[in-house]
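2 protein chains.
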Amino acid sequence: MPAIQDIKVAVDAVVFGYDAKQLSVLLIKRGVEPFKDSWALPGGLVMDNESLETAVTRELKEETGVQIDYLEQLYTFGKPGRDPRNRVVSVSYFGLVRPNHFKIQAATDAKEVQWFPVKELPDLAFDHGTILNMAKERLKAKLQYQPIGFDLLNKEFPFSDLENLYTTILDHKIDRRNFRKKILSFEIVEETDKIHQKGSGRPAKLFKFNNKKYNQLLNEGFHFEIKIV
Amino acid sequence: MPAIQDIKVAVDAVVFGYDAKQLSVLLIKRGVEPFKDSWALPGGLVMDNESLETAVTRELKEETGVQIDYLEQLYTFGKPGRDPRNRVVSVSYFGLVRPNHFKIQAATDAKEVQWFPVKELPDLAFDHGTILNMAKERLKAKLQYQPIGFDLLNKEFPFSDLENLYTTILDHKIDRRNFRKKILSFEIVEETDKIHQKGSGRPAKLFKFNNKKYNQLLNEGFHFEIKIV
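Read top to bottom, the protein sequences are chains H and L.
Take 1 as the starting number for the first sequence in the UniProt record's numbering and just add one per residue.
Take 1 as the starting number for the second sequence in the UniProt record's numbering and just add one per residue.
Each hint should be verified, as a subset may be incorrect.
One copy or any two copies: either way a pair holds, since identical chains are not told apart in the list.
In silico PhoX-like cross-links for lysine-lysine, where the CA-CA straight-line distance does not exceed 25 Å [what the hints assert, rightly or not]:
#, residue 1, residue 2
1, Lys119, Lys136
2, Lys36, Lys8
3, Lys61, Lys198
4, Lys155, Lys198
5, Lys208, Lys173
6, Lys142, Lys182
7, Lys181, Lys227
8, Lys29, Lys155
9, Lys8, Lys79
10, Lys212, Lys8
11, Lys194, Lys212
12, Lys173, Lys21
13, Lys208, Lys198
Bear in mind the hints are in silico, worked out from the structure with no lab data behind them.
Just so we're clear, the structure is a prediction, and the values are computed from it rather than from any experiment.
The task is simple: from the sequences and hints, build the whole structure.
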């Protein structure tokens with residue numbers, strides 16, 4: 001066992017935003033070296049007395065103004081040389097939100113903050129491109145076995161909004177008829193008696209997610225699953 | 001950002017063994033303080049110039065004599081106070097092997113090493129009980145969506161061996177008829193023309209896993225899945 005270890009522990013946050021048929025990710029422009037002026041994931045060193053979860057929430061808030069209390073641990077990246085200064089092991093976290101629920105404001109080590117569409121990403125500092133790719137894969141997988149998408153829709157939504165969400169985040173076409181049949185077969189999405197009229201389109205029924213029913217089914221051993229990719 | 005951070009980085013290994021209808025886990029008895037004489041997961045501090053994967057492989061080999069090159073990252077535990085000495089963040093890994101493929105031998109910080117049935121575990125040092133519980137859950141989940149069980153059986157096996165493996169690791173009864181039907185429907189397990197005769201039991205056909213076919217199906221978008229728990 002080494003008598004003295006010279007490794008630092010950091011946290012990084014991959015915050016995805018879904019809105020208006022677009023998946024984006026929250027990035028900061030670094031105001032300090034190394035990689036000054038490069039875009040990067042929000043994050044930083046863990047303080048001695050805070051948990052990893054507190055650290056990532058704090059860094060995200062400090063650098064971007066975004067307060068998200070629940071981020072899920074993604075993976076820990078620790079390859080020697082991933083930070084040109086010191087050996088830094090980064091515990092990465094991810095989350096999925098609606099961008100228009102947050103006001104963004106750069107501060108501390110960040111000189112700018114911006115939502116980038118995942119299809120138009122700049123080069124990222126450090127190994128943040130690798131971290132972001134793993135987060136995208138995890139998000140796609142999670143969307144297929146947990147009903148996380150409903151949090152991103154209005155409480156009552158036309159079915160096409162749910163289809164668009166899956167199509168956009170998975171970046172994959174879906175068979176609309178089968179998708180609808182499958183989702184409705186779970187009996188966790190209910191038809192309301194309201195009608196949605198958008199532009200000159202055909203009026204559509206509104207649906208809502210029944211969270212109570214979902215939790216009840218979970219207790220009975222139900223597994224949500226929409227396999228697309 | 002704190003000028004000086006006083007956090008150490010460690011790795012811990014949860015190595016599961018499956019053999020003779022039993023799931024076990026490899027533990028060491030600590031030869032040093034804190035928790036001297038308590039059972040614990042093999043592991044230790046990461047050296048400055050080695051990757052996390054190298055560190056966990058090295059610590060496992062040093063403390064138990066077991067050489068496993070591939071362990072999968074499980075989760076990173078970093079709660080302040082989880083180690084009474086310093087703040088230590090532990091990146092945990094897990095793997096699944098056949099115990100009789102390895103000779104175990106305690107050394108360095110470990111004064112003993114032993115396979116414990118997961119149903120008869122001693123109290124563990126630090127938060128290693130929490131780590132082990134998470135690893136058990138992950139193993140159960142993984143067994144249901146990846147064909148990892150076949151590595152633990154003989155190359156040619158009676159179907160009952162596969163059933164036993166699932167029953168034991170998942171710690172759950174299975175519907176044998178449906179299980180067999182589901183497994184065979186994937187067309188990755190093939191009947192051989194050999195017969196297995198054990199004791200006075202009924203002779204049983206031997207089966208084998210077709211890894212080439214599995215990889216081919218994977219490329220075509222196939223998902224292995226046996227939902228039991």
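So, going through the hints one by one against the coordinates:
{"no.": "1", "hint": "Lys119 with Lys136", "in the structure": "within (11 Å within a copy, 37 Å between copies)"}
{"no.": "2", "hint": "Lys36 with Lys8", "in the structure": "within (20 Å within a copy, 27 Å between copies)"}
{"no.": "3", "hint": "Lys61 with Lys198", "in the structure": "neither (36 Å within a copy, 64 Å between copies)"}
{"no.": "4", "hint": "Lys155 with Lys198", "in the structure": "within (17 Å within a copy, 60 Å between copies)"}
{"no.": "5", "hint": "Lys208 with Lys173", "in the structure": "within (23 Å within a copy, 36 Å between copies)"}
{"no.": "6", "hint": "Lys142 with Lys182", "in the structure": "both (17 Å within a copy, 24 Å between copies)"}
{"no.": "7", "hint": "Lys181 with Lys227", "in the structure": "both (13 Å within a copy, 21 Å between copies)"}
{"no.": "8", "hint": "Lys29 with Lys155", "in the structure": "neither (34 Å within a copy, 54 Å between copies)"}
{"no.": "9", "hint": "Lys8 with Lys79", "in the structure": "both (12 Å within a copy, 16 Å between copies)"}
{"no.": "10", "hint": "Lys212 with Lys8", "in the structure": "neither (43 Å within a copy, 43 Å between copies)"}
{"no.": "11", "hint": "Lys194 with Lys212", "in the structure": "within (21 Å within a copy, 52 Å between copies)"}
{"no.": "12", "hint": "Lys173 with Lys21", "in the structure": "within (13 Å within a copy, 44 Å between copies)"}
{"no.": "13", "hint": "Lys208 with Lys198", "in the structure": "within (18 Å within a copy, 57 Å between copies)"}
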